[in-house]
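Asker: Sequence lines, in order, name chains B and P. Going letter by letter, the first sequence gives residues 1 to 103 in our numbering. Going letter by letter, the second sequence gives residues 1 to 86 in our numbering.
What the hints contain is simulated information worked out from the structure, not anything from laboratory work.
Every beta carbon over 12 Å from chain B, so not counted as near; a handful from chain P, in silico: (1) N5; (2) V9; (3) A10; (4) N11; (5) I12.
Distance windows between CB atoms, simulated: (6) P:T61 - B:R56: 22 to 32 Å; (7) P:N11 - B:R56: 30 to 40 Å; (8) B:T55 - P:S74: 15 to 25 Å; (9) P:A10 - B:K19: 36 to 46 Å.
Quick caveat, the model's predicted, so the values are computed rather than measured. Just so you know, even glycine gets a beta-carbon here, dropped at the ideal spot from N, CA and C.
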Amino acid sequence: MTQVTVPKFQGVNFYANKKIAENFKALAQRKGCSVTQVALAWVAAEGIIAIPGTTRPERLDENFSSRDIELSKEDKQEMRAAIEASKPQGDRYSKEASKAIGN
Amino acid sequence: MTEANLPVVANIDAIQAEFSPFETLHEDDGLIPTARELNIAFVAYGPLGHGWLVNDFPYQTPDDFNSDDYRRQSMYTASLRPRTNR
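Could you put together the complete structure from these sequences and hints?
Answerer: Take a look at the structure:
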């Protein structure tokens, strides 16, 4: 496995992330919660303990109450598909992006 | 990695690395599967993609980040190998 570093929030990755974020935004709307809450619920659903940094008490409340959000199997499959589709990895690189990172 | 490779002198309860919808590298490099296998808690920093997964993300293009915003410099470690099906 070859590992390379590419700008995380620049170039094609900016738009890849934006696409993933749009999916989380749509899920948040369906669940009636914030994007942040549904993103934290997704991390929790993966069995991972998230440590979201914040400097504001109201954000801390918002983050903590993400524990009440339950994602269905379908929700998780949908988010996973969105993540996979935008993943800048291996054969997922466009030709242009591959060239840009020296492949 | 297998249990045999791990130090026997210390009991590892938790590890911390980045994980978010934008950063799933550690699912593929063995870190998360190994943590699960060994019942070690995986604690994720950057779960919101460094402040991105919020209701009011205002940037439309990469150039909209302020010139001193670290998101202009953050690098992504990509694994160049065929994607595996889950």
